[in-house]
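Asks: Chains A and B, in that order, are what the protein sequence lines are.
All the letters of the first sequence, read from the start, carry residue numbers 1 to 532 under the UniProt record's numbering.
All the letters of the second sequence, read from the start, carry residue numbers 1 to 514 under the UniProt record's numbering.
Please keep in mind that the hints were generated in silico from the structure rather than gathered at the bench.
Think of the CB as a built atom: it goes at the ideal place given N, C-alpha and C, for glycine as much as any other residue.
One thing to keep in mind: the hints can contain errors.
[Stated by the list, open to error] Residues on chain A that point at chain B, a partial pick, calculated with CB under 8 Å:
#, residue
1, Ile-80
2, Pro-84
3, Glu-165
4, Ala-176
5, Val-200
6, Leu-202
7, Leu-207
8, Leu-469
9, Leu-470
10, Ala-486
11, Leu-487
12, Ile-490
13, Tyr-493
[Claimed, not checked] Interface residues of chain A toward chain B, partial, derived using beta-carbon atoms under 10 Å:
#, residue
14, Leu-28
15, Asp-79
16, Ala-85
17, Phe-161
18, Leu-162
19, Leu-168
20, Ile-169
21, Ala-187
22, Leu-192
23, Leu-196
24, Val-199
25, Leu-210
26, Ile-456
27, Phe-459
28, Leu-463
[Unchecked claim] Sample of chain B residues with no beta-carbon within 10 Å of chain A, all distances over it, derived:
#, residue
29, Val-16
30, Trp-51
31, Leu-64
32, Leu-77
33, Arg-90
Residue-level listing of the chains:
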Amino acid sequence: MIDISESVMQFLLALIVAGPLLGAAAALLPAPPGLKGKSPDQAVLRHGVTVTGVILIAAVVLALGFDHDHPATMQATTDISWIPALDVRIHLGVDGISLPLLVLTALLTFLCALYSYFKQQHQRLAPRATGPSPKAFIALILVLESGTLATFAVLDLLLFFLAFEMVLIPMYFLIARWGGAQRTQAAWKFILYTLLGSVVMLLGLLLIGLKSGTFDMLALATDNGRELTTSVQLIAVLAIGIGLAVKTPMWPLHSWLPDAHTAAPTVGSVLLAGVLLKMGTYGFVRILLPITPDGMREFAPYLAAFAVVGIIYGSLACLALARKGAKGDLKRLIAYSSVGHMGFVLLGIATMTPTGVNGALFANIAHGLITGLLFFLVGALKDRTGSTDLDALAGQTGQALYGKAPRFGALLAFGAVASLGLPGLAGFWGEMLALFGAFRPAEDLSRPAFLTFMAIAAFGTLLTAAYMLLVVRRICMGDPQEKPQALADIQGYEFAAWTPLVALTVLAGLWPALLLGLTDPAVQKLLAGGKA
Amino acid sequence: MNVAEGAAGVSLVQSVDWTAIAPPTIAAVVGLAVLVADLFVPENRKPLLGWISLAGLAAALASLLLLLDGDRETFCLTGDAGVCSYTADRFTVVIQLLVLGGALLTALLSVSPLKDKELPAGEYWFLLLSSAAGAALLPASRDLATLVVALEVASLPAFALVGLRRGDRRSSEAALKFFLSSVTATAVTLLGGSFVYAATGTLHLTEIAVKLTEVDGDLQTLARTGVALTLVGFAFKTAAVPFHFWVPDTYIGAPLPVAAYLSVVGKAVGFTGLILVTVVAFPSYADVWAPALAVLAALTMTAGNVAALRQQAGRAFSAVRLLAWSSVGQAGYLLVPIAAAGYVDDPADAIGATVAYALMYAAVNLGAFAVAALVARSTPENRLTDYRGLYARHPLAALALGFFLLCLAGLPPGIIGLFAKVTVFQAAVDAGLGWLAVVMALNVVIALYYYLRWTALLFRTPEGEAPVREGDVPARTASLPLPLTAAIAVTALVGIVLSGAPQMVLRFSESVLF
Numbered sequence: 001m002i003d004i005s006e007s008v009m010q011f012l013l014a015l016i017v018a019g020p021l022l023g024a025a026a027a028l029l030p031a032p033p034g035l036k037g038k039s040p041d042q043a044v045l046r047h048g049v050t051v052t053g054v055i056l057i058a059a060v061v062l063a064l065g066f067d068h069d070h071p072a073t074m075q076a077t078t079d080i081s082w083i084p085a086l087d088v089r090i091h092l093g094v095d096g097i098s099l100p101l102l103v104l105t106a107l108l109t110f111l112c113a114l115y116s117y118f119k120q121q122h123q124r125l126a127p128r129a130t131g132p133s134p135k136a137f138i139a140l141i142l143v144l145e146s147g148t149l150a151t152f153a154v155l156d157l158l159l160f161f162l163a164f165e166m167v168l169i170p171m172y173f174l175i176a177r178w179g180g181a182q183r184t185q186a187a188w189k190f191i192l193y194t195l196l197g198s199v200v201m202l203l204g205l206l207l208i209g210l211k212s213g214t215f216d217m218l219a220l221a222t223d224n225g226r227e228l229t230t231s232v233q234l235i236a237v238l239a240i241g242i243g244l245a246v247k248t249p250m251w252p253l254h255s256w257l258p259d260a261h262t263a264a265p266t267v268g269s270v271l272l273a274g275v276l277l278k279m280g281t282y283g284f285v286r287i288l289l290p291i292t293p294d295g296m297r298e299f300a301p302y303l304a305a306f307a308v309v310g311i312i313y314g315s316l317a318c319l320a321l322a323r324k325g326a327k328g329d330l331k332r333l334i335a336y337s338s339v340g341h342m343g344f345v346l347l348g349i350a351t352m353t354p355t356g357v358n359g360a361l362f363a364n365i366a367h368g369l370i371t372g373l374l375f376f377l378v379g380a381l382k383d384r385t386g387s388t389d390l391d392a393l394a395g396q397t398g399q400a401l402y403g404k405a406p407r408f409g410a411l412l413a414f415g416a417v418a419s420l421g422l423p424g425l426a427g428f429w430g431e432m433l434a435l436f437g438a439f440r441p442a443e444d445l446s447r448p449a450f451l452t453f454m455a456i457a458a459f460g461t462l463l464t465a466a467y468m469l470l471v472v473r474r475i476c477m478g479d480p481q482e483k484p485q486a487l488a489d490i491q492g493y494e495f496a497a498w499t500p501l502v503a504l505t506v507l508a509g510l511w512p513a514l515l516l517g518l519t520d521p522a523v524q525k526l527l528a529g530g531k532a
Numbered sequence: 001m002n003v004a005e006g007a008a009g010v011s012l013v014q015s016v017d018w019t020a021i022a023p024p025t026i027a028a029v030v031g032l033a034v035l036v037a038d039l040f041v042p043e044n045r046k047p048l049l050g051w052i053s054l055a056g057l058a059a060a061l062a063s064l065l066l067l068l069d070g071d072r073e074t075f076c077l078t079g080d081a082g083v084c085s086y087t088a089d090r091f092t093v094v095i096q097l098l099v100l101g102g103a104l105l106t107a108l109l110s111v112s113p114l115k116d117k118e119l120p121a122g123e124y125w126f127l128l129l130s131s132a133a134g135a136a137l138l139p140a141s142r143d144l145a146t147l148v149v150a151l152e153v154a155s156l157p158a159f160a161l162v163g164l165r166r167g168d169r170r171s172s173e174a175a176l177k178f179f180l181s182s183v184t185a186t187a188v189t190l191l192g193g194s195f196v197y198a199a200t201g202t203l204h205l206t207e208i209a210v211k212l213t214e215v216d217g218d219l220q221t222l223a224r225t226g227v228a229l230t231l232v233g234f235a236f237k238t239a240a241v242p243f244h245f246w247v248p249d250t251y252i253g254a255p256l257p258v259a260a261y262l263s264v265v266g267k268a269v270g271f272t273g274l275i276l277v278t279v280v281a282f283p284s285y286a287d288v289w290a291p292a293l294a295v296l297a298a299l300t301m302t303a304g305n306v307a308a309l310r311q312q313a314g315r316a317f318s319a320v321r322l323l324a325w326s327s328v329g330q331a332g333y334l335l336v337p338i339a340a341a342g343y344v345d346d347p348a349d350a351i352g353a354t355v356a357y358a359l360m361y362a363a364v365n366l367g368a369f370a371v372a373a374l375v376a377r378s379t380p381e382n383r384l385t386d387y388r389g390l391y392a393r394h395p396l397a398a399l400a401l402g403f404f405l406l407c408l409a410g411l412p413p414g415i416i417g418l419f420a421k422v423t424v425f426q427a428a429v430d431a432g433l434g435w436l437a438v439v440m441a442l443n444v445v446i447a448l449y450y451y452l453r454w455t456a457l458l459f460r461t462p463e464g465e466a467p468v469r470e471g472d473v474p475a476r477t478a479s480l481p482l483p484l485t486a487a488i489a490v491t492a493l494v495g496i497v498l499s500g501a502p503q504m505v506l507r508f509s510e511s512v513l514f
């Protein structure tokens with residue numbers, strides 16, 4: 001849109017990846033004079049807002065400077081040799097697939113930092129028990145941001161693995177130190193599961209690298225796996241696929257997710273659902289589809305089957321949690337709904353068609369925006385009422401948010417209907433395109449099988465609608481007189497943190513071409529590879 | 001510089017290249033000098049001995065610089081100049097760097113315990129330097145006799161070092177255990193060496209490699225047995241299963257710096273010997289040793305990691321015990337590329353991964369021991385629970401230990417640990433040892449659990465206020481001894497620099513070392 005010279009673009013991308021790391025190191029140092037603020041806590045939280053803000057601005061400028069006429073070509077590329085012994089190169093670049101994810105990550109992290117800052121300001125007036133120091137909190141958030149952004153920006157398989165691993169330690173500590181009940185167990189489950197997946201993934205990546213002689217994703221994608229025999233591709237897809245499927249998470253490898261979400265602090269949940277899960281699906285699109293198409297074709301029906309089971313399983317689990325008397329935890333419910341939503345993303349990828357993959361990428365972004373918003377809302381609800389237990393919240397008739405805090409209730413209802421895929425909001429397009437893709441899958445895939453998957457997945461959307469509306473009924477409606485405790489409506493800072501998510505959800509729903517225009521050419525090129 | 005070259009002619013006198021043998025020689029000579037000096041130095045000047053030893057090790061390290069320009073050989077057969085007993089090639093120089101650097105860091109760790117009169121100064125320094133000299137001689141040895149002599153020179157002082165704490169029953173018991181099992185292993189190695197000699201008629205490794213391919217049919221069994229038995233002594237030093245039982249008790253019984261020394265230099269001695277005999281001497285018998293080493297590697301890493309997992313945090317010395325078992329697990333990773341070397345066309349290529357991994361491991365493991373030594377100053381029992389809230393007391397030491405542990409686990413921010421593991425994985429995948437790679441992957445996950453549990457403990461809030469037990473304890477924690485601080489700083493710096501530029505050690509994994 002605006003013309004920015006290539007070297008500035010390169011610098012921006014490098015800044016986006018490395019900036020948060022420097023910021024994390026700076027967060028651990030004492031604040032310099034003049035920036036001490038009212039208290040050390042406030043200073044470091046403000047530092048977090050500044051750094052993530054700068055990164056967000058850089059990401060937005062990068063998006064503006066991105067050549068929107070050629071989203072299929074890698075832009076702002078840097079290619080420096082780092083470890084010649086392993087043939088690892090610092091190869092960075094963005095195209096239409098990674099750009100939206102970069103901006104989403106920068107945005108969500110900034111909103112999280114903003115939310116934490118104002119929340120601390122707010123709570124200073126009514127001090128509670130002091131938790132661990134926000135110094136480490138900000139440093140961990142920034143390392144996490146750097147790892148996620150790097151995952152989306154690197155074009156080298158081993159660097160991808162490094163970035164993939166980089167988020168583990170910060171997320172572990174975020175859950176284990178700032179989390180709620182059962183946090184230690186949940187944190188262990190999270191890190192051991194994911195590490196096991198990613199070590200297996202490393203074996204697959206090494207296999208690809210050794211057999212084809214390069215770790216460069218671009219070169220490998222152009223090759224379209226011609227260098228690799230089918231058996232190598234099969235093993236590689238299996239190994240890498242397991243690693244990515246744990247992260248995504250795909251049923252039946254999802255069991256770490258509900259625990260992690262339930263125990264994680266609000267900001268941790270937002271980032272976990274909003275961006276960390278996307279690393280898995282991004283890997284499917286960026287690595288497996290173009291580099292090992294033959295192996296992927298073999299496994300696509302199984303992937304689709306697991307995805308569909310995930311959709312149904314997630315919805316049924318949510319329905320069970322939303323029932324009266326089930327003592328369902330609201331955070332756990334949203335976590336299970338994530339399993340369902342990511343099932344749509346995986347189904348889209350498994351179709352191996354441009355339509356399906358575009359749908360998957362769209363659903364990725366939509367899920368990040370909507371689920372991020374929902375976790376923010378549930379976190380705020382917990383701060384106000386001290387509980388996320390649906391039964392405790394709803395009582396006999398319902399929590400009656402509409403009556404007690406109308407704006408809060410409206411926003412929660414908005415998030416719920418966006419999540420169930422109401423046309424006109426972001427959640428709709430991704431799921432619809434994924435279903436379309438399944439209606440006409442790639443040529444070598446069995447159409448009857450995919451038609452079945454499509455039918456089951458479509459039934460899953462109904463179930464999603466059922467539990468989401470149930471939640472709205474039990475939380476937002478009801479008799480305000482039953483539990484007449486006062487409930488603060490949305491504060492100014494909460495508005496500030498959540499409005500961008502709402503606006504983007506509406507924007508993406510009304511103007512899907514904005515995103516699809518970016519992803520579609522890139523997806524076409526990835527699927528065609530060197531043949532295009 | 002070949003001093004004797006001109007005079008030697010065709011006589012039986014071997015020429016000696018003093019530059020080539022400088023690193024072990026300097027260490028040995030300084031060791032002897034310290035032993036003699038100990039007799040004349042008055043009691044209050046004993047710390048002087050420590051500084052002399054440090055300077056000696058530094059000089060030995062510096063002498064490596066002279067060997068960078070190319071391969072040197074000495075103690076060659078007068079009849080055949082191509083067959084030599086001592087070679088200073090790139091492999092030798094890298095391992096000598098590791099061994100002497102490890103000894104230097106051990107020496108830094110030892111200064112304060114010696115000052116506190118826990119150990120006798122003169123003997124300690126002499127033994128440490130002699131052992132280091134043996135360990136430095138080993139990578140350069142190119143015949144079986146020199147190899148065994150070097151192994152013994154490295155080991156015998158180590159037994160004494162383990163049992164040096166006077167009047168400590170656990171220390172003597174540990175030394176005896178270590179001594180008996182080690183001597184048995186060395187005896188088996190000698191037996192194996194003699195079988196190989198009987199089958200081939202030579203002791204020089206390169207000659208053995210040639211002659212083994214043309215062994216008489218009747219002697220085949222003898223040669224095979226010899227090959228297998230020779231490996232035993234070195235496997236013992238590496239602490240590979242089933243020769244690992246001595247490790248935890250010995251590490252706990254030994255003075256802490258000696259445990260650090262054994263975990264790094266002792267292991268280096270073991271795997272260097274293994275590399276030399278397998279890759280240089282017995283390449284034609286790869287079908288014997290490669291599968292055996294692969295199984296050994298899998299068992300070693302699993303046994304070490306599972307045992308480390310089962311350590312109870314509240315038990316006395318649990319920190320050192322954990323490090324001991326984790327070092328057994330790490331030994332398993334070190335064996336993987338050596339096993340892989342048996343499956344690839346050019347074995348010398350694969351073992352580079354072991355060398356790269358060992359360099360990383362040496363730096364971070366010594367660092368972890370250095371922090372353990374720091375904690376042991378205030379809580380001599382060295383329980384894992386003593387590390388709770390270390391960040392509040394010594395923020396930098398806690399950050400350093402966290403970094404070391406994550407390097408050992410192989411997770412960012414320990415980038416060098418991650419990439420060192422990647423090279424090992426790569427060696428395994430390249431050799432087609434998929435099953436071993438999967439076993440190793442599982443082990444990495446197991447290991448993460450105990451490393452991260454320890455790391456998390458560092459940053460927990462201290463449990464209430466620890467009751468002050470003795471009056472002198474706070475005074476001792478207040479000021480950190482300079483050598484200890486230097487050791488932590490050096491290892492942390494090495495780890496951080498390597499994390500930024502992993503190529504510095506990983507280049508050994510792709511270049512030809514022999």
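Asks: None of the hints should be skipped; say for each whether it holds.
Replies: These are the hints, each one checked on the structure:
{"no.": "1", "hint": "Ile-80", "result": "violated (12 Å)"}
{"no.": "2", "hint": "Pro-84", "result": "holds (6 Å)"}
{"no.": "3", "hint": "Glu-165", "result": "holds (5 Å)"}
{"no.": "4", "hint": "Ala-176", "result": "holds (6 Å)"}
{"no.": "5", "hint": "Val-200", "result": "holds (6 Å)"}
{"no.": "6", "hint": "Leu-202", "result": "holds (6 Å)"}
{"no.": "7", "hint": "Leu-207", "result": "holds (6 Å)"}
{"no.": "8", "hint": "Leu-469", "result": "violated (41 Å)"}
{"no.": "9", "hint": "Leu-470", "result": "violated (39 Å)"}
{"no.": "10", "hint": "Ala-486", "result": "violated (34 Å)"}
{"no.": "11", "hint": "Leu-487", "result": "violated (33 Å)"}
{"no.": "12", "hint": "Ile-490", "result": "violated (34 Å)"}
{"no.": "13", "hint": "Tyr-493", "result": "violated (29 Å)"}
{"no.": "14", "hint": "Leu-28", "result": "holds (8 Å)"}
{"no.": "15", "hint": "Asp-79", "result": "violated (16 Å)"}
{"no.": "16", "hint": "Ala-85", "result": "holds (4 Å)"}
{"no.": "17", "hint": "Phe-161", "result": "holds (8 Å)"}
{"no.": "18", "hint": "Leu-162", "result": "holds (6 Å)"}
{"no.": "19", "hint": "Leu-168", "result": "holds (6 Å)"}
{"no.": "20", "hint": "Ile-169", "result": "holds (6 Å)"}
{"no.": "21", "hint": "Ala-187", "result": "holds (9 Å)"}
{"no.": "22", "hint": "Leu-192", "result": "holds (6 Å)"}
{"no.": "23", "hint": "Leu-196", "result": "holds (5 Å)"}
{"no.": "24", "hint": "Val-199", "result": "holds (4 Å)"}
{"no.": "25", "hint": "Leu-210", "result": "holds (6 Å)"}
{"no.": "26", "hint": "Ile-456", "result": "violated (34 Å)"}
{"no.": "27", "hint": "Phe-459", "result": "violated (37 Å)"}
{"no.": "28", "hint": "Leu-463", "result": "violated (35 Å)"}
{"no.": "29", "hint": "Val-16", "result": "holds (35 Å)"}
{"no.": "30", "hint": "Trp-51", "result": "holds (35 Å)"}
{"no.": "31", "hint": "Leu-64", "result": "holds (21 Å)"}
{"no.": "32", "hint": "Leu-77", "result": "holds (36 Å)"}
{"no.": "33", "hint": "Arg-90", "result": "holds (14 Å)"}
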